[in-house]
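Going down the list, the protein sequences come from chains A and B. Note that the first sequence ends on residue 305 in this note's numbering; no numbers are left out. Note that the second sequence ends on residue 294 in this note's numbering; no numbers are left out.
Think of the hints as simulated: they come from the structure by calculation, not from any bench. As the structure is a prediction and not an experimental result, all values here were calculated from the model. The beta carbon of each residue, even a glycine, is placed where N, CA and C say it ideally should be. Keep in mind that the hints are not guaranteed to be accurate.
Said to hold, decoys possible - On the chain A side, residues computed to face chain B include the following (Cβ under 7 Å): (1) Arg179; (2) Ala183; (3) Ala192; (4) Leu194; (5) Gly195.
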Amino acid sequence: MEYFLQQLVNGVTLGSIYGLVAIGYTMVYGIIGMINFAHGDIFMIGSFVSLIVILGLFSVGITWIPLALVLVLAISMMITSAWGWIVERLAYRPLRNSFRLAPLITAIGMSITLQNFVQIVQGARVKPLPPVITGHFTLMEKDGFAVQISLMQIIIIMTTIFLMMAFSWLIGNTGLGRAQRACEQDRTMAALLGIDVDRTISLTFVIGAALAAVAGLMYLLYYGVIDFYIGFVAGIKAFTAAVLGGIGSLPGAMLGGLVIGLIETFWSAYFSVEYKDVAAFSTLAIVLIFMPSGLLGKPETEKV
Amino acid sequence: MSKSLSKHTPLLDVRNLTMKFGGLIAVNALCFEARRNEITAIIGPNGAGKTTVFNCLTGFYKPDRGAIILTDKDGRSHSLERMSDFRINNKARVARTFQNIRLFGGMSVLENLLVAQHHKLMRASGLTIGALLGLVSYREKEREAVEKASYWLEKTGLTNRADDLAGDLPYGDQRRLEIARAMCTEPRLLCLDEPAAGLNPGETKILNELLLDIRDQQNISILLIEHDMSVVMEISDHIVVLDYGCKISEGSPEHVRNDPGVIAAYLGVEDESEVRL
Chain A
2 MEYFLQQLVN
12 GVTLGSIYGL
22 VAIGYTMVYG
32 IIGMINFAHG
42 DIFMIGSFVS
52 LIVILGLFSV
62 GITWIPLALV
72 LVLAISMMIT
82 SAWGWIVERL
92 AYRPLRNSFR
102 LAPLITAIGM
112 SITLQNFVQI
122 VQGARVKPLP
132 PVITGHFTLM
142 EKDGFAVQIS
152 LMQIIIIMTT
162 IFLMMAFSWL
172 IGNTGLGRAQ
182 RACEQDRTMA
192 ALLGIDVDRT
202 ISLTFVIGAA
212 LAAVAGLMYL
222 LYYGVIDFYI
232 GFVAGIKAFT
242 AAVLGGIGSL
252 PGAMLGGLVI
262 GLIETFWSAY
272 FSVEYKDVAA
282 FSTLAIVLIF
292 MPSGLLGKPE
302 TEKV
Chain B
18 MSKSLSKHTP
28 LLDVRNLTMK
38 FGGLIAVNAL
48 CFEARRNEIT
58 AIIGPNGAGK
68 TTVFNCLTGF
78 YKPDRGAIIL
88 TDKDGRSHSL
98 ERMSDFRINN
108 KARVARTFQN
118 IRLFGGMSVL
128 ENLLVAQHHK
138 LMRASGLTIG
148 ALLGLVSYRE
158 KEREAVEKAS
168 YWLEKTGLTN
178 RADDLAGDLP
188 YGDQRRLEIA
198 RAMCTEPRLL
208 CLDEPAAGLN
218 PGETKILNEL
228 LLDIRDQQNI
238 SILLIEHDMS
248 VVMEISDHIV
258 VLDYGCKISE
268 GSPEHVRNDP
278 GVIAAYLGVE
288 DESEVRL
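Starting from the given sequences, assemble the full structure and let the hints guide the process.
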């Protein structure tokens, strides 16, 4: 029981990170119907920018952790958003009216480009960061096994909950959110109502990248090591999460992230660490057999 | 003439509009005008090129030749054929509806009307940052937008359906909601593509009243494509008749009704004697 609780805490933490990245996939799919394979690498860039900024801040003497973290978060979100914007502007917008597969292939190319770029400028070796946030709380203790939740885990889970609430509010209640939903449903009609569709799409990429930056920072602080390749694995997992939850559905992406995080953690804990990815992807396959549009996705009904 | 100078210039001036699809000439050197505060109807048999004209007006097609000039009240003119789609609505203020209804079915009725005011709201919110911070100026604008939406909901008799999904409304209500949504963009020219299609006689009557109200109370010009003659003849100030992409007649409802060329185009020459449009 204690062991289970501990794994639950770990799983929810991992799921939070996946969920934040998955939102980026699902939002972009919703609005332009393409899978942005470069999104995982945007997450990786978010991680690297965070690392660079943290080390920079420490070197100029800003060592008070809360202030440093807020600054890192803000700067990293801004820079990573700019990357998201640039990727959309350079690689996807010129192909907006091309055939369906074109932006998809470009996305894969973009992903490889970003990976190699970071590999060249930052080196291929893993980059460590000494633990910045330490401290943990013991939830319960029995027979010498203590269920612990670290301060870092609390921060990750709380930040994710806050961001998801803020984000749902943004989509549900603001003009931008309405415009996004309108573009999702009928882009030409939205343009005829005076909505700048290109700008709305750009903002979608920017928001997705900002969330990925937060996830990247949390990943960095949680695991303490990053390399240029983390975007690929995390990206595939988050993409799986988005599809599992029903691609195009925002609550679906959050739920999917949580489910994938939990499955991975529990499988590692009770069965074998080596096969945790197999477990995650098998779950996806099984869910898609019985629910082709994912857990929360709406099936596309065609009116005849 | 007592009319002011700007009254003289038509709101919309279409000159020599030509649109080809491969070898097919859908619209051929078409010239017509839509005057201020009038309802101008474009009629013609199926395939005459009416919707193509609309598509050129609203930026879907780039015409092969010709000019589409909209002159606003201050005398500024906008060349619609050179503008991209969303600017046609933002700058030139042309709104349109579609033959097949294109509401945002997954959004509520009210949201459909708010999204039409997006341009204004977006500017007020400073790209949503103001909205996130809950600035007073943004809330004020949002409130105005809701007020405007409520006004049009009342006009179209949809007030008690405001929170329903637009896709769940019955057909006739959806038609009216589309007009309400177009009106929320504060257009100078409202282009309606077969607004009466599929409506029963009662609903058609309500539609007529709504369109007359838009012309008389809101002082907005309407360009109308319609097959239902009870609509066209009753409310139009001016009718343009197309056939095979060419203008074959133009004038008041009375004039067009009795034009032998129009009758021939609609029903074939032999039946000319029996026709009553």
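Quick rundown of the hints versus the structure:
1. Arg179: Check passed: Cβ of Arg179(A) comes within 5 Å of chain B, closer than 7 Å.
2. Ala183: Check passed: Cβ of Ala183(A) comes within 5 Å of chain B, closer than 7 Å.
3. Ala192: Hint on Ala192(A): holds, closest Cβ of chain B at ~4 Å, below 7 Å.
4. Leu194: holds (5 Å)
5. Gly195: Since the shortest Cβ distance to chain B is 4 Å, the answer is holds.
The structure is consistent with each of the numbered hints, conforming to all of them.
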